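2 protein chains.
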Amino acid sequence: MSGAARPTVGIIGAGQLGRMLALAALPLGIRCRFYDRVADAPGGHVGELVVGEFDDLGRLREFARGVDVVTFDWENVPVESVRALKGVAPVYPAANALEQSQDRLYEKALFRDLGIPTAPYAPVDLASDLEQACARLGRPGILKTRRLGYDGKGQARIRAAADVATAWGALGGQPLVYEGFVRFEREVSLVAARSRRGEIAYYPLVENAHEHGILAITRAPYAHAKLQREAERHMRAVLEHFRYVGVLTIEFFVERGRLVANEMAPRVHNSGHWTIEGAETSQFENHVRAILGLPLGSTTTRGHAAMVNFVGRLPKPARALAAAGLHLHDYGKSEARPGRKLGHATLVAATPAERERRLKAALKLR
Amino acid sequence: MSGAARPTVGIIGAGQLGRMLALAALPLGIRCRFYDRVADAPGGHVGELVVGEFDDLGRLREFARGVDVVTFDWENVPVESVRALKGVAPVYPAANALEQSQDRLYEKALFRDLGIPTAPYAPVDLASDLEQACARLGRPGILKTRRLGYDGKGQARIRAAADVATAWGALGGQPLVYEGFVRFEREVSLVAARSRRGEIAYYPLVENAHEHGILAITRAPYAHAKLQREAERHMRAVLEHFRYVGVLTIEFFVERGRLVANEMAPRVHNSGHWTIEGAETSQFENHVRAILGLPLGSTTTRGHAAMVNFVGRLPKPARALAAAGLHLHDYGKSEARPGRKLGHATLVAATPAERERRLKAALKLR
Numbered sequence: 001m002s003g004a005a006r007p008t009v010g011i012i013g014a015g016q017l018g019r020m021l022a023l024a025a026l027p028l029g030i031r032c033r034f035y036d037r038v039a040d041a042p043g044g045h046v047g048e049l050v051v052g053e054f055d056d057l058g059r060l061r062e063f064a065r066g067v068d069v070v071t072f073d074w075e076n077v078p079v080e081s082v083r084a085l086k087g088v089a090p091v092y093p094a095a096n097a098l099e100q101s102q103d104r105l106y107e108k109a110l111f112r113d114l115g116i117p118t119a120p121y122a123p124v125d126l127a128s129d130l131e132q133a134c135a136r137l138g139r140p141g142i143l144k145t146r147r148l149g150y151d152g153k154g155q156a157r158i159r160a161a162a163d164v165a166t167a168w169g170a171l172g173g174q175p176l177v178y179e180g181f182v183r184f185e186r187e188v189s190l191v192a193a194r195s196r197r198g199e200i201a202y203y204p205l206v207e208n209a210h211e212h213g214i215l216a217i218t219r220a221p222y223a224h225a226k227l228q229r230e231a232e233r234h235m236r237a238v239l240e241h242f243r244y245v246g247v248l249t250i251e252f253f254v255e256r257g258r259l260v261a262n263e264m265a266p267r268v269h270n271s272g273h274w275t276i277e278g279a280e281t282s283q284f285e286n287h288v289r290a291i292l293g294l295p296l297g298s299t300t301t302r303g304h305a306a307m308v309n310f311v312g313r314l315p316k317p318a319r320a321l322a323a324a325g326l327h328l329h330d331y332g333k334s335e336a337r338p339g340r341k342l343g344h345a346t347l348v349a350a351t352p353a354e355r356e357r358r359l360k361a362a363l364k365l366r
Numbered sequence: 367m368s369g370a371a372r373p374t375v376g377i378i379g380a381g382q383l384g385r386m387l388a389l390a391a392l393p394l395g396i397r398c399r400f401y402d403r404v405a406d407a408p409g410g411h412v413g414e415l416v417v418g419e420f421d422d423l424g425r426l427r428e429f430a431r432g433v434d435v436v437t438f439d440w441e442n443v444p445v446e447s448v449r450a451l452k453g454v455a456p457v458y459p460a461a462n463a464l465e466q467s468q469d470r471l472y473e474k475a476l477f478r479d480l481g482i483p484t485a486p487y488a489p490v491d492l493a494s495d496l497e498q499a500c501a502r503l504g505r506p507g508i509l510k511t512r513r514l515g516y517d518g519k520g521q522a523r524i525r526a527a528a529d530v531a532t533a534w535g536a537l538g539g540q541p542l543v544y545e546g547f548v549r550f551e552r553e554v555s556l557v558a559a560r561s562r563r564g565e566i567a568y569y570p571l572v573e574n575a576h577e578h579g580i581l582a583i584t585r586a587p588y589a590h591a592k593l594q595r596e597a598e599r600h601m602r603a604v605l606e607h608f609r610y611v612g613v614l615t616i617e618f619f620v621e622r623g624r625l626v627a628n629e630m631a632p633r634v635h636n637s638g639h640w641t642i643e644g645a646e647t648s649q650f651e652n653h654v655r656a657i658l659g660l661p662l663g664s665t666t667t668r669g670h671a672a673m674v675n676f677v678g679r680l681p682k683p684a685r686a687l688a689a690a691g692l693h694l695h696d697y698g699k700s701e702a703r704p705g706r707k708l709g710h711a712t713l714v715a716a717t718p719a720e721r722e723r724r725l726k727a728a729l730k731l732r
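For the record, the sequence lines run as chains R and D.
Taking our numbering, the leading residue of the first sequence gets 1, the next gets one more, and so forth.
Taking our numbering, the leading residue of the second sequence gets 367, the next gets one more, and so forth.
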């Protein structure tokens, strides 16, 4: 046992996800080194932070030198930057999975190839493509940028015929995809981990509620044996396709009792934050275990959990911590901005009813 | 909400306890700054580390400047060093509690004054004191240094008459105390927190097993309603006596169905490590909450927990993490030495029987 024998994980992106990865890694004796554009990124409080642009290949290679494995906390890391680390340190998840998840069109094509239902969709490059897509797939629908969309950004809803021109005006001129609207009953997601040894661990499905395109509340578990089996089958297909290593998240709509894949994220996910207190092993610890080739930990739930995001504003700690059973997560961001995720709270209870009571109190803190 | 508004906690001592305090503080948006003699202390991985001697008052004052509150992870911090911070930053627990717990004689006198049963004892300064103490309190008994004893160090068992001279030879020449032997059925401890607002939270009693004078295993809870009430009454007496702020631990013997106080520690305690996974709020988070005047968190248990110390040697992570439900805590120490606490594992299960099964597997890792 010596310091030198303990692995170091390099994390590209030092946001809240990277920070929570490091907080899960530290008790295992594992240290993290971060790479980010900004010097006051939240990860810098829990590990060394190398500052550089995400496309500065030389700086990235320097960062990765001496690290045992590299991962990322952000799916829009340039694929070329990840590929440039070849020969310096292994990167998990691998570049091919990252690449496919960065483009909504390729992502949907993959789902289709693997037999996973998706919303009807069509690529849109020209205004005429959009007219044709609306005619073929109907309205309402959503026009989305193929790349760099998150938290509802890069999207335009199309209901009436007049919306077509407005949507094109807002987003036209870049690769787009038009999606037919799914009349879903609920939104759920599945988080799973696949390790370097090929071991897979699935968390239970959870139910998500969004506000203004941003995740607001997650309730876990969404206990539904049939949909859980369906979700795990879809997840396994994607994991095995890529021989994926790390945590992967797939968001689904539930439409007439079946799952329709919405999108995937090749990383730990906001809808898995509840696992820190609500599962035997958190998504963060399982990601670290997976990329280091360690055995995965149990995903068994501890009761019924809810997660509430604090967006744009954090509650006063004295008030938040007075709430029964509330676990506060302040990401330590130096600046509050509207629409910015600043923290979250997790509530765990023995029954769904008690969880709802605790959740109600937590929602008042927002 | 800005970085400046978030408190910083100064921790004198950057061992595993300080490190676990920081890991509990970080999710609350609280950062820790450490002070330690050695530059590679475990706390340095999770916060700024100021290196200096524990009696370097100037350096300590420099360390405490700009910190919102100072605490310590080690009870042998010189009391003068703590007193020297007056006017720089508040220190919790306060110097008077620290002082009294540093001396076994004063500690026992306090217990007696507060009506808390202790082993029969007598101060020993001269060889003749020891002869008299043995005559009056009988043998077997234990001769202990009044100061700086921990993990069984600074103690000599006296069984036969011949042991008296041996014990005196080993320990004589410093302030000592002779304790009559308590024929205890079990060893238990109580961890509790009292906040700056006077709020008190008690964890359940736990049962401890020592090996070679070092804590080896803790099982939680030790469910015994009568003894829990008794322990809380004793704890409250000590907490209120000092108007104590922070986590305090009292170790007891159970002798013929009643509690006999052995010693107290003015800090988070090894027998409370199980609370990270086994209680709703860990002892570390409650200590941070207490010293910052935040509401205390629930001490409710999550099932039945066991904690196993890794002393002198850590298991291979790949082997340890394969054990069902095992939570590994590697303190990140740079050097393994015999008798040195390097890490621990926590097991949590729904029933005591399942806990014992998991514990059995964990014990094989040592």
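Please keep in mind that the hints were generated in silico from the structure rather than gathered at the bench.
Source: prediction; values computed, not measured.
All residues carry an ideal CB built from backbone N, CA and C; glycine is no exception.
Wrong hints could be hidden among the right ones.
To be verified - Between beta-carbon pairs, the in silico distance windows are:
hint, chain 1, residue 1, chain 2, residue 2, range
1, D, E720, R, L148, 44 to 50 Å
2, R, G66, D, H576, 37 to 43 Å
3, R, K153, D, R706, 48 to 54 Å
4, D, E720, R, P120, 54 to 60 Å
5, R, P123, D, A716, 49 to 55 Å
6, R, G58, D, E720, 35 to 41 Å
7, R, L148, D, A719, 51 to 57 Å
Here is how each hint holds up against the structure:
| no. | hint | in the structure |
| --- | --- | --- |
| 1 | E720/D - L148/R: 44 to 50 Å | holds, 48 Å |
| 2 | G66/R - H576/D: 37 to 43 Å | holds, 41 Å |
| 3 | K153/R - R706/D: 48 to 54 Å | holds, 51 Å |
| 4 | E720/D - P120/R: 54 to 60 Å | violated, 49 Å |
| 5 | P123/R - A716/D: 49 to 55 Å | holds, 51 Å |
| 6 | G58/R - E720/D: 35 to 41 Å | violated, 53 Å |
| 7 | L148/R - A719/D: 51 to 57 Å | holds, 53 Å |
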